[in-house]
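Now for the letters of each chain:
Protein chains: 2
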Amino acid sequence: MKYMVVTIKDVAKEAGVSPGTVSRVLSGQKKFYGPKAEAKVLEAAAKLGYQKNILASNLVKKKNNVIAVVISSVQTNFADSIIRGINKVASENNFDVIYTYTTSLDEGNQPHVIDMLTSRRVSGIVLASVILDKESITKIERADIPYTFVSITPENETRTISSDDVDIGYQATKYLINQGHRRIGLAGLDNQYYTGKRRFEGYKKALKEINVSPKKEWLFPGDYSYESGYDALKYYKKIQNVTAVITASDTCAVGMLNSATDNGVRIPEELSILSIDGTNLCEIARPRLTSVSQNFEEMGQQGILALIDMIKFKSTEISRKVIDVKIDERDSVKRI
Amino acid sequence: MKYMVVTIKDVAKEAGVSPGTVSRVLSGQKKFYGPKAEAKVLEAAAKLGYQKNILASNLVKKKNNVIAVVISSVQTNFADSIIRGINKVASENNFDVIYTYTTSLDEGNQPHVIDMLTSRRVSGIVLASVILDKESITKIERADIPYTFVSITPENETRTISSDDVDIGYQATKYLINQGHRRIGLAGLDNQYYTGKRRFEGYKKALKEINVSPKKEWLFPGDYSYESGYDALKYYKKIQNVTAVITASDTCAVGMLNSATDNGVRIPEELSILSIDGTNLCEIARPRLTSVSQNFEEMGQQGILALIDMIKFKSTEISRKVIDVKIDERDSVKRI
DNA sequence: ATGAAAGCGCTAACAC
DNA sequence: GTGTTAGCGCTTTCAT
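In the order they appear, the protein sequences are chains W and Y. For the first sequence, the working numbering begins at 1160 and goes up steadily by one. For the second sequence, the working numbering begins at 1160 and goes up steadily by one.
No lab work stands behind these hints, which were simulated from the structure alone. Any given hint might turn out to be false.
One copy or any two copies: either way a pair holds, since identical chains are not told apart in the list.
As the list claims (entries may be wrong) - In the DSS-like style, the derived pairs of lysine-lysine whose C-alpha atoms are separated by at most 30 Å in a straight line are:
1. K1168 to K1473
2. K1293 to K1190
3. K1473 to K1293
4. K1293 to K1211
5. K1293 to K1168
6. K1293 to K1199
7. K1211 to K1471
8. K1363 to K1396
9. K1493 to K1172
10. K1333 to K1211
11. K1485 to K1473
12. K1220 to K1206
13. K1211 to K1168
14. K1206 to K1293
15. K1393 to K1199
16. K1206 to K1473
17. K1356 to K1374
18. K1168 to K1222
19. K1473 to K1247
20. K1211 to K1172
21. K1247 to K1363
Starting from the given sequences, assemble the full structure and let the hints guide the process.
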């Protein structure tokens, strides 16, 4: 069965009023129509199964109440929380949200994704856990679309809602120190991007406070992945020189945990693990993972909030916002 | 810095040609413009930083090459695979894809999400792992938008790409039978929707072939969740009457595994677990989970393919397609 | 309070 | 090949 698409004109004819009136009624401009007109229009619209063509409406209004979220398609298990936060606040504020997945920097579908968003004139963009190439940023700015980063803070970027990575590194290290550890590993962190560098900074800072200078061999860089963690454990088992290690992510920590099982290392008896992120993986893992937990849902909420602010008030002010982290003590760190 | 939005007219003026020509060049209608015009237009467009307003274009063309994917926001860990499959095929076919997350049936933001999609005149909708209320389906059909279900097959629905749930239940059970099991549990499945009922059917069928009739107490219904699995293990430990259990999902299986650890039950020595889904959780879990694996990426690909077909050829034919499952043997099932 | 008419940015005839 | 024009479906002055 084919339905023809019904326009405002059809409704107008059916209701015996002008298109203008239909438009006014349907967009609820209360002061500009009478009750009898309203009744007729509503009835006609319902009868015809009318549905507004938002695209046409947006075209003339030169606005578009949809916010686009760009998510890294790299397997990040905290995306769910960010999405939850975003959806909640967006719907409270009557914005629609669409999500798009993009590959990482190097693979290069980013420009295309951004093109699609700017050419569709979305009213705002949140970059969730992605690092964007310079070209794409320029495009967004040329299109005059407000945007904000969430969860990942690129270097030199000020429009961003995230945890303070120095703080994460610092608190993680400090916690282990307080549990009696002195030789502390750092596993799975990249050392090319901002995040890795900053966490490392915090790590050094905490260590410095107790006058220990981190040895190069305590570091096992990686890419936040399960595999990084898996390999890290084997490495630390070999060097036998740390009593605890901080992992770059929960996924990475689980990799270490499994590697420990597979290689006969008991956690936390022989080695303590402190994870960064605090997603539900920490509860699911055995032993449950003690973590420096980020509040991803809050990031999503604050991100959208900041964005809506920029959209509504065309405010161009810097929106750097830091979301606090906390330590969740579970079973993977041993006091020594 | 404010950029003004530049239109086709601006480009035309800058290039010294008519808007029509600009449009033709920019949409690459090769046969309708000369090289000198092309050069001028391209240069002017680049200089001005012109970007097409797709909304206006779509309005006149009465089409919109974006496909929307509606995903259940319920924590499903196989969404990633579906998304990967979808993105791959869509981009190969020059369709843009946007994703929206909807809550489950009962919570009721579904109508709103569907409204936003139909009023934006997306050219197709894939319902990924969601069950849609009747009202929403009607809306989509009234809007004359092609759609297809992926991964979940609602009762009486024919436009769907998914595994055969009877087959899943059958193969799972059969596999355990071949491993020597006779008393087989079924945990975490719902018994109200189609999926649960169908898998149960397959389960009974396999059992019937060896002349055993399933006992009611072998069943522990649930909602596919980690918690369902966690509770299931305690239940089976108490009744002590099955040697193996089939879990509704990988998440559910992991729940059982952890519950086993916490309750001192050894897997697979004391109880075998066969999971359904086969996501990367199976590799991550310890012991690694033997599973009936669904090919989610393939579902995504086939789903989009079917949809594009409907869009291009306005074909209205039934698109039921079954994606084969396979058994991945790992370490959670013991031969007895 | 309502109708008529212009126009959002673009494309697709239709001329030439 | 290229310019001109009408019009996609809607909103919004401007009259009345």
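**Message:** At most 30 Å between CA atoms: does that hold for K1293 and K1199 within a copy, between copies, both, or neither?
**Reply:** between (53 Å within a copy, 27 Å between copies)
**Item:** Up to 30 Å CA-CA - K1172 versus K1493, copy category
**Value:** Result: close neither inside a copy nor across copies, 77 Å intra and 72 Å inter.
**Item:** K1473 and K1293: within-copy, between-copy, both or neither at 30 Å Cα
**Value:** Intra 23 Å, inter 40 Å, cutoff 30 Å: intra-copy only.
**Asked** Between the shortest in-copy and the shortest cross-copy C-alpha distance, which are at most 30 Å for K1473 and K1247: within, between, both, or neither?
**Response** Classified as within: same-chain Cα gap 22 Å, cross-chain 36 Å, threshold 30 Å.
**Intra- versus inter-subunit Cα pairing at 30 Å for K1220 with K1206** = both (27 Å within a copy, 27 Å between copies)
**Message:** My question is about K1206 and K1473: at a cut-off of 30 Å on alpha-carbon distance, are they close within one copy, between copies, both, or neither?
**Reply:** Classified as between: cross-chain Cα gap 26 Å, same-chain 40 Å, threshold 30 Å.
**Homomeric proximity label, K1168 with K1222: Cα distance no greater than 30 Å** = both (22 Å within a copy, 20 Å between copies)
**Prompt:** With identical chains treated as interchangeable, where does the CA-CA distance between K1247 and K1363 reach 30 Å or less: within a copy, between copies, both, or neither?
**Reply:** neither (38 Å within a copy, 42 Å between copies)
**Message:** Within, between, both or neither: how does the pair K1293, K1211 come out at a Cα-Cα threshold of 30 Å?
**Reply:** Answer is between; shortest inter-copy Cα gap is 21 Å, intra-copy 37 Å.
**Homomeric proximity label, K1211 with K1172: Cα distance no greater than 30 Å** = within (16 Å within a copy, 34 Å between copies)
**Message:** At most 30 Å between CA atoms: does that hold for K1168 and K1473 within a copy, between copies, both, or neither?
**Reply:** between (34 Å within a copy, 26 Å between copies)
**Request:** State whether the alpha carbon distance between K1363 and K1396 is at most 30 Å within one copy, between copies, both, or neither.
**Result:** within (22 Å within a copy, 49 Å between copies)
When each numbered hint is compared with the structure, violations occur for hints 2, 9, 10, 11, 15, 21.
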